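Taking the hints as your guide, dock the two standalone chains into a single complex.
Each protein sequence line maps, in turn, to chains S and E.
Start counting the first sequence at 41; every next residue gets the next number (the numbering used here).
Start counting the second sequence at 291; every next residue gets the next number (the numbering used here).
A portion of the hints provided could be inaccurate.
[What the hints assert, rightly or not] Which residues of chain S face chain E? A few of them, derived with a C-beta cut under 7 Å, are: (1) Gly615; (2) Lys706; (3) Ile708; (4) Gly721; (5) Val725.
No lab work stands behind these hints, which were simulated from the structure alone.
As the structure is a computational prediction, the values presented were derived from the model and not from experiment.
Every residue, glycine too, gets a C-beta built ideally from N, C-alpha and C.
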Amino acid sequence: MDVSQYLEIFIDETREHLQSLNEQILVLEREPENVDTINEIFRAAHSLKGMAGTMGYKRMQRLTHDMENVFSEIRNGKMKASAKLVDVLFKGLDALEQYLDVIVNSGDEGTEDNEDIIKSLNDILNEGLGASAAPTAPATPTAAAAVAAPATEAVADSGVKPIKLAEHEQSAVAKALSENMNAFAMTVYIQETCILKAARAFLVFKALEDLGTVIHSEPSVQDIEDERFDFDFSVVLLTDKDAETAKKKVENVSEVKMACIEAIRAESLSPAATTEQKVAEEASGTVQKEATAQAAAAQPQKSATTSKPVVNRSVRVDIDKLDDLMNLVSELIIAKNGLVSINSADVTGLRESGFNEQIEYLERITTNLHQSVMKTRMVPIENVVSRFPRMIRDISKKLDKKMELYMSGEETELDRTVIDEIGDPLMHMLRNAADHGLESNEERIKAGKPEVGSIFLNAYQDGNNVVIEVRDDGKGVDVEKIKKKAIEKGAITAEQAATMTEKEAIDLLFRPSFSTAEQISDLSGRGVGLDVVKSKIEALGGDVEAKTVLGSGTTFIVRLPLTLAIIQALMVELGQEKYAIPLGSIQTIEDVLPSDIKYVQTKEVIHLRGNVIPLIRLRNVLDIEPDDFAPESLTVVIVAKGDRLAGLVVDNLIGQQEIVIKSIGKYINNNKMIGGATILGDGEVALILDANAIV
Amino acid sequence: MTETISSKEAKQYIVVKLGNEQYGIDIQYVDNIVRMQKITRVPKAQEYFNGVINLRGEIVPVMSLRVKFELDADEFTGKTRILILKFEPQSAVGVIVDEVREVVTLDADAIEKVSYDPNDEKSLYLSGIGKHNDSLISLLNIAGIIVEKEKEA
Chain S
41 MDVSQYLEIF IDETREHLQS LNEQILVLER EPENVDTINE IFRAAHSLKG
91 MAGTMGYKRM QRLTHDMENV FSEIRNGKMK ASAKLVDVLF KGLDALEQYL
141 DVIVNSGDEG TEDNEDIIKS LNDILNEGLG ASAAPTAPAT PTAAAAVAAP
191 ATEAVADSGV KPIKLAEHEQ SAVAKALSEN MNAFAMTVYI QETCILKAAR
241 AFLVFKALED LGTVIHSEPS VQDIEDERFD FDFSVVLLTD KDAETAKKKV
291 ENVSEVKMAC IEAIRAESLS PAATTEQKVA EEASGTVQKE ATAQAAAAQP
341 QKSATTSKPV VNRSVRVDID KLDDLMNLVS ELIIAKNGLV SINSADVTGL
391 RESGFNEQIE YLERITTNLH QSVMKTRMVP IENVVSRFPR MIRDISKKLD
441 KKMELYMSGE ETELDRTVID EIGDPLMHML RNAADHGLES NEERIKAGKP
491 EVGSIFLNAY QDGNNVVIEV RDDGKGVDVE KIKKKAIEKG AITAEQAATM
541 TEKEAIDLLF RPSFSTAEQI SDLSGRGVGL DVVKSKIEAL GGDVEAKTVL
591 GSGTTFIVRL PLTLAIIQAL MVELGQEKYA IPLGSIQTIE DVLPSDIKYV
641 QTKEVIHLRG NVIPLIRLRN VLDIEPDDFA PESLTVVIVA KGDRLAGLVV
691 DNLIGQQEIV IKSIGKYINN NKMIGGATIL GDGEVALILD ANAIV
Chain E
291 MTETISSKEA KQYIVVKLGN EQYGIDIQYV DNIVRMQKIT RVPKAQEYFN
341 GVINLRGEIV PVMSLRVKFE LDADEFTGKT RILILKFEPQ SAVGVIVDEV
391 REVVTLDADA IEKVSYDPND EKSLYLSGIG KHNDSLISLL NIAGIIVEKE
441 KEA
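This is chain E alone, in the form it adopts within the complex (with noise of 0.2 Å):
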């Protein structure tokens, strides 16, 4: 993979797969990348928390992705990890994806900006496209994704 930054707008993505999407994420905002572990399950939780995990002793909340985007239910295989989020420092939270790719840097100007429709829910969840080569990745809106849970609650 070509990791020359470029300029200064570049920015590093974490390539994730989800059925047959890519989406890349922030990797200022990863911080750590774990295998697929025995979930504990909270009774009354939003559908997508699967539950919490144990990370060397803290207590992480994990949630699934393709139930948040509606996608097909997971399924876990050797090549399942969790990515552990770090959006705010004293709170992290996982997310199960069913591969990690690759890194990747993306000029400001390989990304392409997406729409925002503020009655769909959805699109709060993109923050742009990049182009790849020759493949499209999607961006994640960490920000949306996680913080919006509040909201729901």
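Here chain S stands alone, though its shape is the one from the complex (with noise of 0.2 Å):
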């Protein structure tokens, strides 16, 4: 049977589980009595089994098969969740997510054991139970060991059902036991509980033809591979082997509940077929070819999955929304169709009238078009952070240290490229935090702090943005120690420390010398890889600022843009040149008559509506030809990064317009002012400003 194609969904399903498991496990470390989370920890267990079974995973099917054991005895109360128990479990779950590691990287599943894991968690079965119910829970391993008494009684009434052997099947047989081989007919018996019969069938298939050659089956091989068979089917195996080894084989399949053999011996063939052996020769060659074939056929795929281990990359997709985006191909087409009639219609009049209606309407279709796609490429963040709140109670036990994460705005939805970069980051971040961002609890009993320390990710849409929020309620970062250190690094010089604000200090934070530096977790906790966090968002688009406030904890705030690729941007004219700027940094367009700019420190600044908002002559930045150009008023765009704001001086609007973002190349030099070039309808480039790099 050919499993190879079920890889995919089975490493994707496997996730899934694990990550259910793990916030279950996490609920029931909480609430020992939820009997809704126990069931639904039982599930996905069982079918992590039944998979990784299914799959041919022995050790992986072997370690979730005695978690299984033990979340059967919670379930039926025998067992409590103590604290041991889980943080066993927890190991398991790691376990399996290894496994499923070696498996995407190699298409196998590796030979790591985890032996101590299944013990530990038999002991506590063991223990939990209590030595009088011992006897009744089966140990490791239930399905072979336990019905292996039954199989031996059986073996006595023969439970071999008659096989009827085809002429050239018997002369098979007959040359068989001419050449010294043994032939038996052997009948398995399934467990009737097992779910994935076909499966099970596979792998005693694939055990026999490690001892020999099957040369018929009853059902046929194609019937039990659709699993059209009951609990039951029966082979004839040509082996050298004795009966012994065979049966023992075949038992030791998981769910098999026994196997009955039986020796077919020259006499009870037909006599036609030792006569006729010649011929039949011939045949069985084919025949066993076949058989050989059909166990190969599992073999070449299992060296195929290692040669090209890389599992494609899916995204999940509503169905809805793909019949969303079905709706609006065909009304492209119908859009199309529409272009072309008016095209050879008479009247020029009614061309021109009937040309705009239609343009409107394709304008609607590609926006609706945009919108839909960008929707299947959006995914909660959900994905990401949901395997957080293990990760920080991991810290927790580690560190010695109580807290807790809170977590809101889950639901927020963000592209599936962005999605798959910030986790690390986030990671990153909450380590940070746990780790040095909150005290020991004797240090914050003592500054009249809850014991507990919280940690809280907050992520919520705002505008065209995401921002998540990594908050933390400890002590907070010393500005004055990192200037001292920065000075100490060479970083920057004691003036300028001195001019610095307590935003431009804590940015400091942030660069790359920084990181580097073990000292400086030893006084603020921060800075460790934190550059590495800055540049990872900047490079998804997004920005990074921290805030704190010294003895009451940091937020670190990223903001992250909600689409990549397509954006709305406001065109604007400066000189001949046209340029970008995209709508989600825009606050404001203001009107500024040449009077109202002020100067501070020889800067120009404006002043609006409360703000000084210093004025940026975009012009000079971007090094445009000076003209005669004097108008009356000037135009300019008010930009915000974070709560910074920013006038940039430009010639004229143009408009607002939807614009497709790509990337100028690598070789040419920008200064990060460009964040990307665009085309615009008549053929020509405009280069997308990023406001964040000018403010």
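Below you can see the structure in the form of structure tokens.
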């Protein structure tokens, strides 16, 4: 049976099940009596086991099986979920994740048996059930061992079902017997609770092929593969091993109830077969070939998966969203046909009005199409953050520091590419918060804070951005200490430090020079790898800033664009050139009289509704040739980066437009001011200004 | 022109003109040759980058070989072309040349090695001198011209 094609599904679903197990076990730890949770856990563990078995990952299956045993006892109320048990369960989940990673990379589950985890699981199981209950609780090798007894009895009255052999098969048997090989008829009974009979049968076949050749099966191999059989099937095996070996081998396959075996003797064969042995010899050759081909089918697939291990990345898309897309595409075709028919219309006036109408129609469709395609790419942030509670729990145990993670806004959606990349930076910030941000429990009590530290992870949508905040109620960052350290490291001079605002000083944390310094983690705890966090987030088109209040905590604010690739932008004109400013960063557009411009430290500023906003003359920044253009009032586009505002002076506004962002390549050097380029309707290229880099 | 491929080591070069000199560009890097078109200036870019163009929906940066080689400034004529070079699969670069003349096939023995001086940046730009009929062709080292940008940047 070919299982390689299911590998992707297997990996996807296993991930999901592991994630849900992680979450549910956390709940279980808090509410050991919650029946729903226990049932949920049991279901997930059971499916996991079944899937691993189908795919032939025996070690993985064994581990899940033992975990399932524990869950089953908890479900039956015979055991309580103790902290120790939860620890072991988490270890088990980690081991399963490792298996999965190995499978993703190599297509094989690897060789790690994780005996220690299995052992501690069973120890807990025995302990939990108490000595009296122990005999009834099946230990590790349940399936095989438990059925061993009935199996032996069954042999006595021979559970082997009569098998009819075709002539060429009979002669094959005869030939094998004449060559001193054994021929066995075998009937395999599978447990009635088994969900994946075909998979079991496949494993049985695989086991048998190791011993010899299966020349016949009832029902046919095809039917067995398609699961068209009850709970038993019969095979004829030619082998040089004895009956006991074959029987053991088959019964080692889990969920096999028993295997009955009987030798086929020469006298039981029809005489025709023996006499016509010569003729049949060729036939048997082909049969054997077929049989080995069946077995071989599994082998090459296995090697195929090892050779090309990388699993394609896939997105699950809601079927409704796909239907939407299909509808829009059909509308697009209708619109195109409309244009074609207008073109062939005779009356010019009619042609013109119809043309405009169709263009509007087309515009509506493309906008909707864009939105729908984007929606299919949107994934709730939950996919990344759901593993964090578990992580915080582990850190809490490791550091022996009590803390609690509160999350909100998990349903906030982000582009798939962003979701894939944001996990690591977030994890890093959470670790930072847990490890360095929060004080030890004693310190907290001394400072009059609640003993248990809190970490908050909040996500919400803000205009065209998604904001993710990582906040802790720890000791905060000592700005003066950062400055001192920065001076020591030579990152800044003492004079610079003196004039630095608090915000600028905190931004020092994101400098690469800080990341390598271990000392910084002694004094403030921040800075290790924060530059990596920053560069990663900036690569996604977002930015990150930190706020801190000494003694009461630190907040990291990550701002990410909702979607990449296509944005709404304001087109502006500067001299002969056109530039696009992303609408997301624009606050307002103002007309400013030259007389309203004030000077602060020889820099131009304007006073606008209580804010002092620095003016940036884009013409100067972008090296545009000066000309005599001197308007009566300046057009100022107010852009924001975090809380900081700036006014960009432009010549003219062209209007709002939906633009496709394209990279300008890595060879050209642009000071980060240019976030990319876009192609306008007339084929001209306009550059996109990155307001964040200019402000 | 003699287009016979005489030996395995023979390579094809596109011969272009810059001022009075002839340069050869290994044909395997040439993706396309397009006519001069409007180039959008990129502020604060390196001096020899004229800007970016729209090449059938892709944005391609364009550099001037004349500026790069410190020759006279470009004069765009009807013969001016942009050679689109693909040194790496995902990123194309255009170079402006005065004229594209022909494709020649040069045997390995028709190519003279040039001395390489690590202190002279310009010696990185050439990979050799090709002899073709009676003329000499300076063969450009595309890697030296394009990739060395990153170092500067």
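Results of checking the hints against the structure:
| no. | hint | result |
| --- | --- | --- |
| 1 | Gly615 | 10 Å, violated |
| 2 | Lys706 | 6 Å, holds |
| 3 | Ile708 | 4 Å, holds |
| 4 | Gly721 | 12 Å, violated |
| 5 | Val725 | 4 Å, holds |
Violated hints, listed in ascending order, are 1 and 4; each of the other numbered hints is respected by the structure.
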